[in-house]
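Guided by the hints, dock chain B onto chain A, whose structure is given.
Each chain, letter by letter, is given below.
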Amino acid sequence: MFKKYQHDFSLLWMIAKRDLVTRYNNTYLGFFWTLLQPLFLGGTYYYVFKYISKIEIPNFFIFLLAGLFPWVWLQSGIAQSCGSVIGNTGIVKKVKFNRSILPMATIVQTGVHFLLCFLILVIFMLFNGYFPRLNWVIYIPVLLVQQFLLMLGISFIVSSANVIYRDLDYIITTMLSILFFFTPIGYSIENVPESIEKFVSLNPFTGLIEGWRSIILFNESPVPYLLIPFLFSLLFLLIGYFIYNKIQKDFSELL
Amino acid sequence: MYFNVCYNFECSDLIISNYRGCEMDCDNQVVINVKDVTKDFPLIATNRESLKSTLLNMPKKLFNKKMNFIPKHSGLKNISFSLKKGETLGIVGRNGSGKSTLAKLLAGVTYPTTGKIEIDGRVAGLLELGAGFHPELSAKQNIFLNGMLLGLTRKEIELKVDEILSFANLEDRVNQPIRTFSSGMQMRLGYSVATHVEADLLIIDEALAVGDEEFQIKCKAHLNKLRDIGTTMVVITHDMSFIEKHCSTALLIDHGSLILNGTPNEVISKYKNLIE
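Chains A and B, in that order, are what the protein sequence lines are.
Per the numbering used here, numbering of the first sequence is gapless, rising by one per residue and ending at 279.
Per the numbering used here, numbering of the second sequence is gapless, rising by one per residue and ending at 1569.
With the rest of the complex left out, here is chain A:
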């Protein structure tokens, strides 16, 4: 029993590694793109929010990156996992293996990118006089696991449903880019007008981003923020489990 899962884990890591290794193949900067892309994005948002929208938050750059990097993981992980089954048609149709590995591997692979970005964030923080605290050892794994579970539930749903309705890929990409503005990444949740406050605070990603920020910037426990993301991840995992298992049986005909 355990041995079977052990094999699944190593296969998962193998597929994640394949995607990591081949992603920047034949590019000169290679793996640096992992860091450059979010950094340029962060720089642009910094300029727009600070100088055009005139947001006044102390240490805004760190504030922004602490929310933006986890968001990039969420967005790229979910968007990529949407095509994770279709993208592996070759093996899904020809080999028997635990297919739930596929969306998981995408999340792991984008998670590795996130961890590297996080390292960059820490370097920026050191320059700005913030120091990592001992608390991080406990709370950062909690946040990582919570975010992983939330993404996993969503990606089980979208990766399998996308096999039947390929529109889902476009729907998800569009929804994520809209949701970016309804998640307190470039602004603080306190500045949200009352009319949409409910919407923003019910957004499953809000609590997660707030959680990351509270531990990184204020060294406070993120747990109070994680109730809504936790409930959502349970819901998504439950739905995702049933949908994935149901559609999984017909993968080989549908692809």
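Warning: the hint list may mix true and false statements.
[As the list claims (entries may be wrong)] Simulated crosslink set (PhoX-like; lysine-lysine; CA at most 20 angstroms straight-line): (1) B:1538 - B:1513; (2) A:41 - B:1433; (3) A:28 - B:1448.
[Said to hold, decoys possible] Pairwise CB distance ranges, derived in the manner of DEER restraints: (4) B:1472 - A:60: 18 to 28 angstroms; (5) B:1329 - A:52: 56 to 66 angstroms; (6) A:139 - B:1513: 48 to 58 angstroms; (7) B:1472 - A:78: 48 to 58 angstroms; (8) B:1329 - A:140: 29 to 39 angstroms; (9) A:193 - B:1407: 42 to 52 angstroms; (10) B:1472 - A:77: 42 to 52 angstroms; (11) B:1448 - A:166: 30 to 40 angstroms.
[To be verified] Far from chain A, by Cβ distances over 12 angstroms, these chain B residues were calculated: (12) 1350; (13) 1352; (14) 1370; (15) 1418; (16) 1452; (17) 1465; (18) 1480; (19) 1522; (20) 1547.
None of these hints come from the bench; they were simulated from the model.
Treat the numbers as computed from the prediction; the structure is a model and nothing was measured.
We put the beta carbon where it would ideally sit given N, CA and C, even for glycine.
Leaving out everything else, chain B in the frame of chain A:
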């Protein structure tokens, strides 16, 4: 009833040696048991509509009320057979008769609509050579990826990687991305990994005609070796001489139904009648 009496002692001593090997260690243990298996293809798989086609078909549907549904396509109808340990089963049939569907069902890639398939032991399906090969990865990396997909553990592959490479004659190109390989070389690598999976049941779908003659001879010798150690095999091929020489029993499938389950010679002559 099915497979008890169908050894063809005339054809080659390989089968006889295999027969003896089987007598020793496996009291007629059934490896595959297929019971009343029917496979229909799901409606959504064949009848997918897009908004565009819905709109375009609207006037047509309004004028003639008959909706033309694509009938449910059935792949296999009520197939039953069983196979004992150490036997080699050849499956014969025309294109589209359902051979590959049967292979996929046996390999566990698809599930039967009704009926049951029981398989005892570790299955390696060679439905496609080098499944999961990535063109940008090196030969060695691809061996690991492909091998793990076929169910080998990392440690097992580490022990076998040199053997796999030398079997494929590719020792000198271990670290080159396989997109630089010729298609024959890629096939050889895929074949080599697949046959080094120590499976109890090997399912081979038209994968025998791989590589140059030298490699083919090597493959056939290797398959014989596998059979001698008691590997059960299911082979789908159009190569009648292979069926005649290497299979202990054969199936003829046509339009999704099992036509004949008998000795290779019976099946081959029936198949020849069928095509004419």
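Here's how the hints hold up against the structure:
1. B:1538 - B:1513: holds, 11 angstroms
2. A:41 - B:1433: The hint holds at about 14 angstroms.
3. A:28 - B:1448: holds, 14 angstroms
4. B:1472 - A:60: 18 to 28 angstroms: The hint (18 to 28 angstroms, Cβ to Cβ) holds, given that residue 1472 of chain B and residue 60 of chain A are roughly 26 angstroms apart.
5. B:1329 - A:52: 56 to 66 angstroms: holds, 59 angstroms
6. A:139 - B:1513: 48 to 58 angstroms: holds, 49 angstroms
7. B:1472 - A:78: 48 to 58 angstroms: At 52 angstroms between Cβs, range holds.
8. B:1329 - A:140: 29 to 39 angstroms: Once the Cβ atoms are compared, 54 angstroms apart, the range 29 to 39 angstroms for residue 140 of chain A and residue 1329 of chain B is violated.
9. A:193 - B:1407: 42 to 52 angstroms: violated, 34 angstroms
10. B:1472 - A:77: 42 to 52 angstroms: holds, 47 angstroms
11. B:1448 - A:166: 30 to 40 angstroms: holds, 33 angstroms
12. 1350: holds, 18 angstroms
13. 1352: It holds; residue 1352 of chain B is separated from chain A by about 24 angstroms at its closest Cβ, greater than 12 angstroms.
14. 1370: holds, 17 angstroms
15. 1418: violated, 7 angstroms
16. 1452: Given a closest Cβ separation of 15 angstroms, the condition holds.
17. 1465: holds, 22 angstroms
18. 1480: About 14 angstroms separates residue 1480 of chain B from the closest Cβ of chain A, which puts it past 12 angstroms; holds.
19. 1522: holds, 23 angstroms
20. 1547: Fine: 21 angstroms to the nearest Cβ keeps residue 1547 of chain B off the interface.
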